[in-house]
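The whole structure should be built from the sequences, with the hints applied where relevant.
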Amino acid sequence: MAEHDLTARMAGHLDCHLVLPLLEFLQERHLYPEEEILEAKIRLLRGTNMVDYAMDIHKSRYGTDDVPEDMVKRRAEVVSRLTSLGEAIDNIHQNQQIGPDQIETLYQYAKFQFDCGNYSFAAQYLHQYRALCTNIERSLSALWGKLAAEILMQNWDVALDELNRLKEIIDSKNFSSPLNQLQNRIWLMHWSIFIFYNHENGRNGIIDLFFQERYLNAIQTNAPHLLRYLATAVVVNKRRRNMLKELIKVIQQEQHSYKDPITEFLECLFVNYDFDGAQQKLIECEEVILNDPFLGKRIEEGNSITVPLRDEFLENARLFIFETYCRIHRSIDIGMLSQKLNMRYDEGELWIMNLVRNSKLDAKIDSVSGTLIMTTNHVNIHEQFIESLKNLNMRTSMLAKNIVEPAQATQQATR
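At position 221 of the sequence shown (counting the first as 1) the number is 221 in full-length UniProt numbering, and the numbers step up by one without a gap.
In case anyone wonders, no lab produced these hints; they're calculated from the structure. It is possible that part of the hints are untrue.
No farther apart than 30 Å at their CA atoms in a straight line, the calculated lysine-lysine pairs in the DSS-like style are these [unchecked claim]:
| hint | residue 1 | residue 2 |
| --- | --- | --- |
| 1 | Lys297 | Lys259 |
| 2 | Lys111 | Lys73 |
| 3 | Lys364 | Lys340 |
| 4 | Lys111 | Lys173 |
| 5 | Lys259 | Lys340 |
| 6 | Lys238 | Lys73 |
| 7 | Lys167 | Lys111 |
The following block contains the structure:
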(Lines of atoms letter the chains of each structure in order from A and count residues from 1; the text may use other names and numbers.)
(Lines give C-alpha, C1' and ligand atoms only; values in the text may rest on other atoms or scores of the structure.)
Protein backbone atom coordinates (compact mmCIF):
# COMPACT_ATOMS: atom_id res chain seq x y z
CA MET A 1 0.00 0.00 0.00
CA ALA A 2 3.01 2.29 -0.48
CA GLU A 3 1.08 3.84 -3.37
CA HIS A 4 -1.13 5.63 -0.82
CA ASP A 5 1.73 6.75 1.45
CA LEU A 6 1.65 10.53 1.89
CA THR A 7 5.03 10.91 3.63
CA ALA A 8 6.74 12.45 0.60
CA ARG A 9 3.93 15.00 0.18
CA MET A 10 3.80 15.79 3.88
CA ALA A 11 7.59 16.14 4.31
CA GLY A 12 7.77 19.22 2.11
CA HIS A 13 5.62 21.11 4.63
CA LEU A 14 7.33 19.87 7.81
CA ASP A 15 10.51 20.64 9.72
CA CYS A 16 13.02 17.83 9.12
CA HIS A 17 12.85 16.85 12.81
CA LEU A 18 9.11 16.20 12.38
CA VAL A 19 9.77 13.90 9.42
CA LEU A 20 11.91 11.54 11.51
CA PRO A 21 8.94 10.03 13.42
CA LEU A 22 7.21 9.38 10.10
CA LEU A 23 10.24 7.49 8.80
CA GLU A 24 10.40 5.51 12.06
CA PHE A 25 6.78 4.45 11.52
CA LEU A 26 7.39 3.42 7.90
CA GLN A 27 10.43 1.44 9.02
CA GLU A 28 8.37 -0.45 11.61
CA ARG A 29 5.69 -1.20 9.02
CA HIS A 30 8.28 -2.40 6.46
CA LEU A 31 6.50 -0.35 3.83
CA TYR A 32 9.77 0.26 2.00
CA PRO A 33 13.09 -1.65 1.88
CA GLU A 34 15.13 -1.12 5.06
CA GLU A 35 18.10 0.38 3.22
CA GLU A 36 15.87 3.02 1.57
CA ILE A 37 14.54 4.19 4.94
CA LEU A 38 18.04 4.31 6.44
CA GLU A 39 19.36 6.31 3.47
CA ALA A 40 16.44 8.72 3.82
CA LYS A 41 17.25 9.17 7.53
CA ILE A 42 20.91 9.89 6.77
CA ARG A 43 19.96 12.54 4.16
CA LEU A 44 17.48 14.09 6.58
CA LEU A 45 19.94 14.22 9.47
CA ARG A 46 22.44 16.19 7.38
CA GLY A 47 20.25 19.23 8.01
CA THR A 48 20.52 18.81 11.80
CA ASN A 49 23.16 18.65 14.51
CA MET A 50 22.16 15.11 15.52
CA VAL A 51 25.53 13.73 14.42
CA ASP A 52 25.70 10.81 16.88
CA TYR A 53 22.31 9.59 15.65
CA ALA A 54 23.46 9.95 12.03
CA MET A 55 26.57 7.91 12.85
CA ASP A 56 24.46 5.13 14.37
CA ILE A 57 22.22 5.04 11.29
CA HIS A 58 25.30 4.92 9.02
CA LYS A 59 26.71 1.98 10.98
CA SER A 60 23.39 0.15 10.77
CA ARG A 61 23.02 0.86 7.05
CA TYR A 62 26.47 -0.36 6.04
CA GLY A 63 27.09 -2.94 8.79
CA THR A 64 30.31 -1.36 10.01
CA ASP A 65 31.71 0.45 13.03
CA ASP A 66 33.52 2.93 10.79
CA VAL A 67 31.97 6.28 9.89
CA PRO A 68 32.93 8.80 7.19
CA GLU A 69 35.55 11.41 8.09
CA ASP A 70 33.15 14.24 7.35
CA MET A 71 30.83 12.95 10.10
CA VAL A 72 33.68 12.85 12.59
CA LYS A 73 34.70 16.38 11.65
CA ARG A 74 31.09 17.57 11.82
CA ARG A 75 30.69 16.11 15.31
CA ALA A 76 33.75 17.99 16.57
CA GLU A 77 32.33 21.24 15.15
CA VAL A 78 28.96 20.66 16.83
CA VAL A 79 30.52 19.90 20.22
CA SER A 80 32.75 22.99 19.97
CA ARG A 81 29.88 25.28 19.00
CA LEU A 82 27.59 23.87 21.71
CA THR A 83 30.29 24.40 24.34
CA SER A 84 30.87 27.97 23.18
CA LEU A 85 27.15 28.83 23.25
CA GLY A 86 26.75 27.16 26.64
CA GLU A 87 29.53 29.32 28.11
CA ALA A 88 27.88 32.43 26.65
CA ILE A 89 24.59 31.50 28.29
CA ASP A 90 26.35 30.92 31.62
CA ASN A 91 27.80 34.42 31.37
CA ILE A 92 24.34 35.87 30.79
CA HIS A 93 23.05 34.12 33.93
CA GLN A 94 26.02 35.34 35.99
CA ASN A 95 26.01 38.96 34.80
CA GLN A 96 22.21 39.22 34.69
CA GLN A 97 22.45 41.85 31.96
CA ILE A 98 20.20 41.50 28.95
CA GLY A 99 20.79 43.50 25.78
CA PRO A 100 20.38 42.85 22.04
CA ASP A 101 23.54 40.71 21.90
CA GLN A 102 22.46 38.56 24.82
CA ILE A 103 18.98 38.10 23.34
CA GLU A 104 20.53 37.03 20.03
CA THR A 105 22.76 34.54 21.88
CA LEU A 106 19.68 33.13 23.60
CA TYR A 107 18.04 32.55 20.22
CA GLN A 108 21.14 30.92 18.73
CA TYR A 109 21.52 28.64 21.75
CA ALA A 110 17.86 27.60 21.67
CA LYS A 111 18.01 26.90 17.93
CA PHE A 112 21.25 24.93 18.31
CA GLN A 113 19.76 22.83 21.10
CA PHE A 114 16.75 22.10 18.88
CA ASP A 115 19.00 21.06 15.99
CA CYS A 116 20.84 18.72 18.39
CA GLY A 117 17.55 17.06 19.32
CA ASN A 118 17.49 18.52 22.84
CA TYR A 119 13.86 19.59 22.54
CA SER A 120 13.21 20.24 26.23
CA PHE A 121 16.06 22.75 26.49
CA ALA A 122 15.04 24.26 23.15
CA ALA A 123 11.43 24.79 24.28
CA GLN A 124 12.57 26.38 27.53
CA TYR A 125 14.95 28.86 25.92
CA LEU A 126 12.65 29.65 22.99
CA HIS A 127 9.96 30.59 25.49
CA GLN A 128 12.39 32.93 27.27
CA TYR A 129 13.54 34.37 23.95
CA ARG A 130 10.00 35.21 22.83
CA ALA A 131 9.38 37.06 26.11
CA LEU A 132 12.37 39.33 25.34
CA CYS A 133 12.28 39.55 21.55
CA THR A 134 10.96 42.65 19.77
CA ASN A 135 11.64 41.39 16.23
CA ILE A 136 8.32 40.12 14.83
CA GLU A 137 9.85 37.74 12.27
CA ARG A 138 12.30 36.24 14.76
CA SER A 139 9.53 35.87 17.33
CA LEU A 140 7.42 34.02 14.76
CA SER A 141 10.35 31.74 13.92
CA ALA A 142 10.84 31.00 17.62
CA LEU A 143 7.14 30.15 17.97
CA TRP A 144 7.36 27.64 15.11
CA GLY A 145 10.38 26.11 16.84
CA LYS A 146 8.58 25.96 20.17
CA LEU A 147 5.61 24.25 18.50
CA ALA A 148 7.88 21.66 16.87
CA ALA A 149 9.65 20.97 20.18
CA GLU A 150 6.37 20.44 22.04
CA ILE A 151 5.10 18.11 19.30
CA LEU A 152 8.30 16.06 19.40
CA MET A 153 8.05 15.80 23.21
CA GLN A 154 4.37 14.81 22.77
CA ASN A 155 3.16 17.59 25.07
CA TRP A 156 -0.16 17.76 23.27
CA ASP A 157 -1.94 20.32 25.48
CA VAL A 158 0.97 22.76 25.31
CA ALA A 159 1.42 22.10 21.59
CA LEU A 160 -2.26 22.93 20.99
CA ASP A 161 -1.84 26.25 22.84
CA GLU A 162 1.18 27.12 20.66
CA LEU A 163 -0.75 26.11 17.55
CA ASN A 164 -3.58 28.48 18.45
CA ARG A 165 -1.09 31.31 19.09
CA LEU A 166 0.43 30.76 15.67
CA LYS A 167 -2.99 30.70 14.04
CA GLU A 168 -3.92 34.06 15.56
CA ILE A 169 -0.72 35.62 14.20
CA ILE A 170 -1.08 34.06 10.75
CA ASP A 171 -4.73 35.12 10.44
CA SER A 172 -4.07 38.73 11.47
CA LYS A 173 -4.54 41.38 8.76
CA ASN A 174 -1.01 42.73 9.11
CA PHE A 175 0.64 39.34 8.53
CA SER A 176 3.12 39.67 5.67
CA SER A 177 1.79 39.05 2.12
CA PRO A 178 -1.29 37.01 1.12
CA LEU A 179 0.97 34.43 -0.54
CA ASN A 180 3.07 34.06 2.61
CA GLN A 181 -0.12 33.85 4.65
CA LEU A 182 -1.37 31.01 2.43
CA GLN A 183 1.91 29.13 2.80
CA ASN A 184 1.90 29.51 6.58
CA ARG A 185 -1.68 28.22 6.78
CA ILE A 186 -0.65 25.15 4.81
CA TRP A 187 2.31 24.56 7.13
CA LEU A 188 0.08 25.05 10.16
CA MET A 189 -2.41 22.43 8.97
CA HIS A 190 0.31 19.88 8.28
CA TRP A 191 1.89 20.39 11.70
CA SER A 192 -1.53 20.33 13.36
CA ILE A 193 -2.17 16.73 12.32
CA PHE A 194 0.41 15.53 14.85
CA ILE A 195 -1.65 17.23 17.55
CA PHE A 196 -5.17 16.54 16.35
CA TYR A 197 -4.62 12.79 16.02
CA ASN A 198 -3.16 12.57 19.53
CA HIS A 199 -5.06 15.18 21.56
CA GLU A 200 -8.23 14.01 23.32
CA ASN A 201 -10.33 16.66 21.53
CA GLY A 202 -8.36 16.52 18.31
CA ARG A 203 -11.08 15.14 16.05
CA ASN A 204 -13.20 18.20 16.81
CA GLY A 205 -10.17 20.47 16.47
CA ILE A 206 -9.24 19.33 12.98
CA ILE A 207 -12.85 19.72 11.78
CA ASP A 208 -13.09 23.21 13.28
CA LEU A 209 -9.82 24.33 11.69
CA PHE A 210 -9.95 22.68 8.28
CA PHE A 211 -13.55 23.69 7.56
CA GLN A 212 -12.83 27.39 8.12
CA GLU A 213 -13.16 29.00 4.71
CA ARG A 214 -9.60 30.33 4.48
CA TYR A 215 -8.11 26.99 5.51
CA LEU A 216 -10.41 24.96 3.28
CA ASN A 217 -9.39 27.20 0.38
CA ALA A 218 -5.74 26.56 1.23
CA ILE A 219 -6.36 22.80 1.15
CA GLN A 220 -8.03 23.03 -2.24
CA THR A 221 -5.31 25.34 -3.56
CA ASN A 222 -2.17 23.51 -2.55
CA ALA A 223 -2.79 20.55 -0.20
CA PRO A 224 -5.76 18.38 -1.26
CA HIS A 225 -4.08 15.32 0.31
CA LEU A 226 -5.07 16.73 3.72
CA LEU A 227 -8.63 15.67 2.84
CA ARG A 228 -7.65 12.18 4.05
CA TYR A 229 -7.30 13.41 7.61
CA LEU A 230 -10.37 15.64 7.49
CA ALA A 231 -12.49 12.83 6.03
CA THR A 232 -11.30 10.35 8.66
CA ALA A 233 -12.14 12.79 11.47
CA VAL A 234 -15.67 13.31 10.12
CA VAL A 235 -16.29 9.57 9.71
CA VAL A 236 -15.26 8.67 13.28
CA ASN A 237 -16.90 11.70 14.93
CA LYS A 238 -20.60 10.94 15.36
CA ARG A 239 -21.32 14.43 16.73
CA ARG A 240 -20.04 16.12 13.58
CA ARG A 241 -22.05 14.22 10.98
CA ASN A 242 -23.60 17.54 9.99
CA MET A 243 -20.32 18.34 8.18
CA LEU A 244 -20.58 15.25 5.96
CA LYS A 245 -22.46 16.98 3.15
CA GLU A 246 -19.88 19.78 2.96
CA LEU A 247 -17.06 17.23 3.01
CA ILE A 248 -18.57 15.22 0.14
CA LYS A 249 -18.87 18.40 -1.93
CA VAL A 250 -15.17 19.21 -1.45
CA ILE A 251 -14.14 15.61 -2.20
CA GLN A 252 -16.06 15.76 -5.48
CA GLN A 253 -14.48 19.08 -6.40
CA GLU A 254 -10.98 17.75 -5.75
CA GLN A 255 -11.34 14.20 -7.09
CA HIS A 256 -9.16 14.99 -10.13
CA SER A 257 -6.30 16.38 -8.03
CA TYR A 258 -6.47 13.94 -5.11
CA LYS A 259 -8.24 10.75 -4.12
CA ASP A 260 -7.49 7.74 -1.94
CA PRO A 261 -9.59 4.80 -0.66
CA ILE A 262 -10.98 6.90 2.22
CA THR A 263 -12.29 9.71 -0.01
CA GLU A 264 -13.38 7.18 -2.66
CA PHE A 265 -15.32 5.18 -0.05
CA LEU A 266 -17.38 8.26 0.82
CA GLU A 267 -17.91 9.08 -2.85
CA CYS A 268 -19.00 5.52 -3.69
CA LEU A 269 -21.48 5.50 -0.85
CA PHE A 270 -22.95 8.99 -0.78
CA VAL A 271 -22.62 10.12 -4.40
CA ASN A 272 -22.85 6.99 -6.54
CA TYR A 273 -24.72 4.72 -4.07
CA ASP A 274 -22.32 2.03 -5.25
CA PHE A 275 -22.44 -0.41 -2.33
CA ASP A 276 -20.18 -2.99 -3.98
CA GLY A 277 -17.62 -0.26 -4.68
CA ALA A 278 -17.92 1.02 -1.12
CA GLN A 279 -17.39 -2.51 0.20
CA GLN A 280 -14.16 -2.86 -1.81
CA LYS A 281 -12.93 0.59 -0.80
CA LEU A 282 -13.59 -0.20 2.87
CA ILE A 283 -11.14 -3.10 2.64
CA GLU A 284 -8.57 -0.72 1.15
CA CYS A 285 -9.34 1.92 3.81
CA GLU A 286 -8.21 -0.48 6.51
CA GLU A 287 -4.81 -0.89 4.83
CA VAL A 288 -4.46 2.86 4.33
CA ILE A 289 -5.12 3.52 8.03
CA LEU A 290 -2.74 0.78 9.19
CA ASN A 291 0.07 2.20 7.03
CA ASP A 292 -0.49 5.90 7.78
CA PRO A 293 1.85 7.37 10.44
CA PHE A 294 -0.90 9.61 11.85
CA LEU A 295 -3.87 7.23 11.64
CA GLY A 296 -2.19 3.89 12.34
CA LYS A 297 -1.10 4.55 15.93
CA ARG A 298 -0.71 1.26 17.78
CA ILE A 299 -1.47 0.63 21.44
CA GLU A 300 -0.23 -2.40 23.36
CA GLU A 301 -2.86 -4.02 25.58
CA GLY A 302 -1.38 -6.96 27.43
CA ASN A 303 -0.11 -9.37 24.80
CA SER A 304 -2.09 -7.80 21.97
CA ILE A 305 -1.64 -4.69 19.85
CA THR A 306 -4.65 -2.66 18.74
CA VAL A 307 -5.13 0.21 16.30
CA PRO A 308 -8.01 2.17 17.88
CA LEU A 309 -8.65 4.48 14.95
CA ARG A 310 -8.88 1.55 12.53
CA ASP A 311 -11.55 -0.06 14.69
CA GLU A 312 -13.48 3.22 15.07
CA PHE A 313 -13.34 3.92 11.36
CA LEU A 314 -14.56 0.47 10.32
CA GLU A 315 -17.41 0.56 12.85
CA ASN A 316 -18.62 3.96 11.70
CA ALA A 317 -18.10 3.19 8.00
CA ARG A 318 -20.21 0.04 8.35
CA LEU A 319 -22.85 2.13 10.06
CA PHE A 320 -22.79 4.53 7.08
CA ILE A 321 -23.29 1.61 4.67
CA PHE A 322 -26.08 0.18 6.79
CA GLU A 323 -27.96 3.46 7.21
CA THR A 324 -27.64 4.39 3.53
CA TYR A 325 -28.73 0.95 2.35
CA CYS A 326 -31.70 0.96 4.70
CA ARG A 327 -32.86 4.34 3.40
CA ILE A 328 -33.37 3.00 -0.11
CA HIS A 329 -34.55 -0.58 0.60
CA ARG A 330 -37.56 -1.87 2.52
CA SER A 331 -36.62 -5.56 2.80
CA ILE A 332 -32.95 -6.44 3.17
CA ASP A 333 -31.32 -9.85 3.08
CA ILE A 334 -29.08 -10.09 6.17
CA GLY A 335 -26.60 -12.41 4.43
CA MET A 336 -26.19 -10.01 1.52
CA LEU A 337 -25.90 -6.99 3.85
CA SER A 338 -23.31 -8.81 5.99
CA GLN A 339 -21.27 -9.35 2.84
CA LYS A 340 -21.41 -5.66 2.01
CA LEU A 341 -20.24 -4.90 5.55
CA ASN A 342 -17.29 -7.31 5.10
CA MET A 343 -18.61 -9.51 7.93
CA ARG A 344 -19.53 -13.17 8.30
CA TYR A 345 -23.25 -13.95 8.43
CA ASP A 346 -23.31 -14.59 12.18
CA GLU A 347 -21.23 -11.47 12.86
CA GLY A 348 -23.45 -9.37 10.59
CA GLU A 349 -26.68 -10.69 12.11
CA LEU A 350 -25.47 -9.95 15.65
CA TRP A 351 -24.17 -6.51 14.64
CA ILE A 352 -27.47 -5.59 12.94
CA MET A 353 -29.52 -6.99 15.85
CA ASN A 354 -27.59 -4.87 18.36
CA LEU A 355 -27.89 -1.83 16.14
CA VAL A 356 -31.67 -2.18 15.81
CA ARG A 357 -32.03 -2.81 19.54
CA ASN A 358 -29.89 0.16 20.65
CA SER A 359 -30.96 2.72 18.06
CA LYS A 360 -34.16 4.45 17.06
CA LEU A 361 -34.17 2.53 13.79
CA ASP A 362 -37.73 1.66 12.82
CA ALA A 363 -37.08 -1.92 11.75
CA LYS A 364 -37.48 -5.55 12.77
CA ILE A 365 -35.60 -8.76 12.00
CA ASP A 366 -37.38 -11.78 10.51
CA SER A 367 -35.15 -14.65 11.67
CA VAL A 368 -37.05 -17.24 9.61
CA SER A 369 -36.44 -15.54 6.25
CA GLY A 370 -33.17 -13.94 7.37
CA THR A 371 -34.28 -10.46 6.39
CA LEU A 372 -34.41 -7.03 7.94
CA ILE A 373 -37.80 -5.39 7.42
CA MET A 374 -37.82 -1.60 7.33
CA THR A 375 -41.00 0.18 8.43
CA THR A 376 -42.05 3.15 6.32
CA ASN A 377 -40.76 6.24 8.05
CA HIS A 378 -42.32 9.57 7.18
CA VAL A 379 -40.00 12.55 7.29
CA ASN A 380 -40.59 14.73 10.33
CA ILE A 381 -40.59 18.36 9.14
CA HIS A 382 -39.72 19.59 12.66
CA GLU A 383 -36.62 17.37 12.84
CA GLN A 384 -35.57 18.59 9.38
CA PHE A 385 -35.95 22.20 10.52
CA ILE A 386 -33.93 21.59 13.72
CA GLU A 387 -31.13 19.89 11.74
CA SER A 388 -30.97 22.81 9.29
CA LEU A 389 -30.71 25.19 12.26
CA LYS A 390 -27.78 23.14 13.60
CA ASN A 391 -25.96 23.49 10.27
CA LEU A 392 -26.75 27.22 10.15
CA ASN A 393 -25.47 27.63 13.71
CA MET A 394 -22.22 25.84 12.83
CA ARG A 395 -21.61 28.06 9.80
CA THR A 396 -22.47 31.19 11.79
CA SER A 397 -19.97 30.19 14.50
CA MET A 398 -17.25 29.62 11.91
CA LEU A 399 -17.99 32.96 10.23
CA ALA A 400 -17.86 34.78 13.58
CA LYS A 401 -14.59 33.04 14.43
CA ASN A 402 -13.07 34.11 11.11
CA ILE A 403 -13.99 37.74 11.86
CA VAL A 404 -13.21 37.92 15.57
CA GLU A 405 -9.85 36.10 15.71
CA PRO A 406 -8.01 38.37 13.22
CA ALA A 407 -9.42 41.44 14.98
CA GLN A 408 -8.18 40.17 18.36
CA ALA A 409 -4.77 39.35 16.92
CA THR A 410 -4.54 42.85 15.41
CA GLN A 411 -5.44 44.44 18.74
CA GLN A 412 -2.78 42.40 20.52
CA ALA A 413 -0.20 43.34 17.90
CA THR A 414 -0.93 47.06 18.28
CA ARG A 415 -0.53 46.81 22.04
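- Given the proposed pairing of lysine 297 with lysine 259, does the C-alpha separation stay at or below 30 Å? Cα-Cα ~22 Å, so holds.
- Take the C-alpha atoms of lysine 111 and lysine 73, compute the straight-line distance between them, and say whether it is at most 30 Å. Roughly 21 Å separates the two Cα atoms, so the pair holds.
- Are the Cα positions of lysine 364 and lysine 340 separated by 30 Å at most? Answer holds: lysine 364 to lysine 340 is near 19 Å, not above 30 Å.
- Query: Can the restraint linking lysine 111 and lysine 173 be considered satisfied, given a maximum Cα separation of 30 Å?
  - Reply: 28 Å, holds
- Is lysine 167 within 30 Å of lysine 111, Cα to Cα? 22 Å, holds
- Query: Is the hinted pair lysine 259 and lysine 340 satisfied, with a Cα-Cα distance of at most 30 Å?
  - Reply: The hint holds at about 22 Å.
- Query: Given the hint that lysine 238 pairs with lysine 73, does the C-alpha gap stay at or below 30 Å?
  - Reply: Distance ~56 Å between lysine 238 and lysine 73 Cα, so the pair is violated.
Violated hint for the displayed structure: number 6, the only one.
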